[in-house]
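Taking the hints into account, I'd like the entire structure generated from these sequences.
For reference, the chains in residue letters:
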Amino acid sequence: MDKKPIAESYRRNAAILEIQDLSVTFRQRKGLFQSEDLPVISRLNVTVNQGEIVAVVGASGSGKSLLAHGIMGILPVNARISGEMNFLGEPLTTERICKLRGKEIALVPQGVTYLDPLMKVGAQVREQQPGKEGKRRQKELFSAYGLPEKTEERYPFECSGGMNRRILLSTALMERPKLIVADEPTPGMDLGQAKRAMADFRAFASQGNGVFLITHDLPLAISAADRIAVFYAGTTVEEAPSSDFASEALLRHPYTRALWRAMPQNGFQAIPGTQPYVKDMPKGCVFGPRCPKFTKECLGDIPMRAVRQGTVRCILQHDEHKIREARESKDAQKAQEEREVQKYAGGR
Amino acid sequence: MTLAAVNRLIIYAAKKAVRMAALLVMVSLITFGLISASPIDPLQANAGQAAGSMSQEQLDRLAEYWGVDEPPVKRYINWAGDVLKGDMGTSLLYRRPVTEVISQKLFNSLFLLVISWLVSGVLGVFLGILAALYRGRLADRLIRGYALLTASTPAFWLALLLLLVFSVWLKLFPIGLSVPIGMEAAQVTAADRLRHAFLPALTLSITGISGTALHTREKMIDCLESDYVLFARARGESRWEIVRRHGLRNVLLPAITLQFASISEIIGGSVVVEQVFSYPGLGQAAVTAGTGSDVPLLMGITMITALVVFGGNFAADILYGIIDPRMRRGGEAVEEQ
Chain A
1 MDKKPIAESY RRNAAILEIQ DLSVTFRQRK GLFQSEDLPV ISRLNVTVNQ
51 GEIVAVVGAS GSGKSLLAHG IMGILPVNAR ISGEMNFLGE PLTTERICKL
101 RGKEIALVPQ GVTYLDPLMK VGAQVREQQP GKEGKRRQKE LFSAYGLPEK
151 TEERYPFECS GGMNRRILLS TALMERPKLI VADEPTPGMD LGQAKRAMAD
201 FRAFASQGNG VFLITHDLPL AISAADRIAV FYAGTTVEEA PSSDFASEAL
251 LRHPYTRALW RAMPQNGFQA IPGTQPYVKD MPKGCVFGPR CPKFTKECLG
301 DIPMRAVRQG TVRCILQHDE HKIREARESK DAQKAQEERE VQKYAGGR
Chain B
1 MTLAAVNRLI IYAAKKAVRM AALLVMVSLI TFGLISASPI DPLQANAGQA
51 AGSMSQEQLD RLAEYWGVDE PPVKRYINWA GDVLKGDMGT SLLYRRPVTE
101 VISQKLFNSL FLLVISWLVS GVLGVFLGIL AALYRGRLAD RLIRGYALLT
151 ASTPAFWLAL LLLLVFSVWL KLFPIGLSVP IGMEAAQVTA ADRLRHAFLP
201 ALTLSITGIS GTALHTREKM IDCLESDYVL FARARGESRW EIVRRHGLRN
251 VLLPAITLQF ASISEIIGGS VVVEQVFSYP GLGQAAVTAG TGSDVPLLMG
301 ITMITALVVF GGNFAADILY GIIDPRMRRG GEAVEEQ
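Protein chains in written order, with this note's numbering: chain A, 1 to 348; chain B, 1 to 337.
Just so you know, the hints here were simulated from the structure itself, not pulled from any lab data. Please note that a few of the clues may not be correct.
[Claimed, not checked] Stretches of chain B that chain A covers, calculated by requiring three or more beta carbons in the stretch to come under 8 Å of a beta carbon on chain A:
1) 55-61
2) 219-230
3) 243-253
[Stated by the list, open to error] Selected chain A positions facing chain B (Cβ under 8 Å, derived; list incomplete):
4) 21
5) 117
6) 158
None of these values were measured; they are calculated from a predicted model. Using N, Cα and C, we set each Cβ at its ideal position, and we do this for glycine too.
Written out as structure tokens, the structure is:
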């Protein structure tokens with residue numbers, strides 16, 4: 001793709017981060033002379049627009065962290081990356097990410113191992129801003145996250161898991177980035193702290209920035225994100241507005257629906273089977289072997305299709321009738337609520 | 001440091017002191033046992049050539065004086081009792097108190113040991129970090145090759161090689177001793193001492209580097225592959241910043257520990273190296289005492305050497321506790337906030 005259409009799309013959508021057909025493969029030694037390529041991420045699409053929180057939701061071990069590392073340009077040397085990544089309308093090349101990371105794009109990594117065990121946490125948070133201003137900003141962030149003053153003089157091993165998460169979160173907010181890539185930022189935090197973190201992400205996004213939230217926690221994603229990309233076997237099978245998760249019928253992909261049904265309030269039903277291992281990916285649709293609606297056509301190439309305000313990697317035609325029903329029931333519910341509000345207001 | 005931490009330290013030191021005492025008792029027992037089992041003749045050692053021309057009466061008196069016919073257990077107890085009173089006996093060869101001989105030789109040796117210990121430590125860490133940074137590339141292969149080569153080179157052979165090249169061919173350094181021959185002690189300058197210590201110290205340094213370099217390399221590779229370095233990269237830190245801020249911090253700790261623990265190796269090496277360079281240090285005295293059947297001196301040197309090695313390991317343990325915050329503060333409860 002040449003530069004012009006990207007720049008145009010940036011102006012149109014104000015996209016901060018666009019990822020198109022991203023693939024990551026690992027070259028692995030096999031025997032003495034041979035090597036094989038393991039595709040860990042294939043043909044992944046996701047976009048983060050200005051003011052948006054976009055969540056990538058997928059099961060543990062499905063390669064979500066590699067996606068974050070791919071964006072930050074910190075994949076291991078034996079990884080090959082292909083596809084299009086654009087940041088603020090310009091291609092995100094290796095040279096460019098090296099200049100931007102830590103400044104325009106900040107990472108919130110997954111756990112305490114990402115902190116230097118022998119360095120006091122305050123100094124680690126201030127790493128790029130050792131001056132007075134940095135100290136002030138760090139104190140401000142720590143107090144906002146309920147970390148006591150003396151925390152900055154502690155080492156990571158002296159802090160609890162939840163404290164370390166909040167310390168990692170502070171590192172991203174120290175700089176003034178345009179995009180935060182957060183890799184599972186909330187486990188170990190209590191509900192209040194997680195909500196606080198999400199509120200901060202929301203406030204950050206509404207200043208014209210973007211948040212790319214990687215998580216396995218679907219309820220968290222639904223409550224915090226504007227759009228959700230569902231990650232399965234190294235690719236995005238569906239991208240949908242969070243509001244679509246209000247009803248199963250509004251969802252586009254059988255896997256997303258299965259995820260929805262697996263939520264406690266929606267029946268807590270798990271589907272049989274596990275995600276395929278990268279070495280034996282099924283032909284055609286990656287979800288094929290576990291899909292209840294599997295047909296022979298699913299063995300072919302499955303393109304990404306736009307359906308309503310989202311996209312889906314599935315050839316199944318959706319039951320538009322059911323969707324209308326779901327919408328109508330939602331509308332009816334809304335209307336009912338409005339009537340009640342009016343009644344209440346009118347009664348005064 | 002809190003009161004609890006001080007208490008912990010005292011208990012720790014007390015435990016170590018008991019261990020040290022036990023070690024010294026064991027070392028002295030084993031040394032004494034070995035010496036008793038070996039065909040050593042104190043008369044021969046003390047009287048030397050003159051013993052042949054002595055009368056039987058004189059020999060008997062000497063034998064009685066040195067306690068030759070007493071059972072080994074009694075001799076050991078005699079010796080140990082004197083040592084506890086601070087008397088390590090008289091050297092049969094030097095005919096001076098053992099403590100005096102050892103302190104003089106130890107001073108000469110320390111000069112060598114400290115220089116080579118520092119040089120091998122600093123260079124070892126530096127080369128180890130360099131190798132890790134250029135892992136798999138030319139610099140790494142050269143450094144690793146060097147380390148493996150010197151680790152498998154016998155110290156005496158290297159000493160002979162250096163002696164041959166620098167002293168015999170190039171005539172840059174003296175071929176032996178710690179001071180110039182035929183010079184009055186008062187006239188010997190520090191430069192003279194350095195010139196004489198250079199080759200032995202170089203030999204010990206060259207062989208001492210390999211362990212530290214290889215260990216540091218491993219540690220640095222671990223560090224460079226760690227999540228925190230990955231995160232540092234994601235925060236835009238340059239390679240040099242990462243080495244300075246995170247690498248050194250995480251590599252120096254094990255390196256220091258290793259370096260203190262390696263004192264034993266340097267002392268072991270010094271025995272051979274001092275012999276080759278006729279350097280009048282503790283190592284050479286040990287060899288002389290051993291081959292010359294000088295039991296009190298040999299016992300004394302063994303004890304002092306064991307003490308120095310133990311001290312090195314002890315220092316490593318203590319330093320680790322002081323430098324590593326996980327050890328220093330680890331005993332205190334983690335507060336949940």
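Practice task
Quick one: which hint numbers does this structure break? Sort them smallest to largest.
Solution key: As far as the earlier hints go, 1, 4 are violated by this structure, in ascending order.
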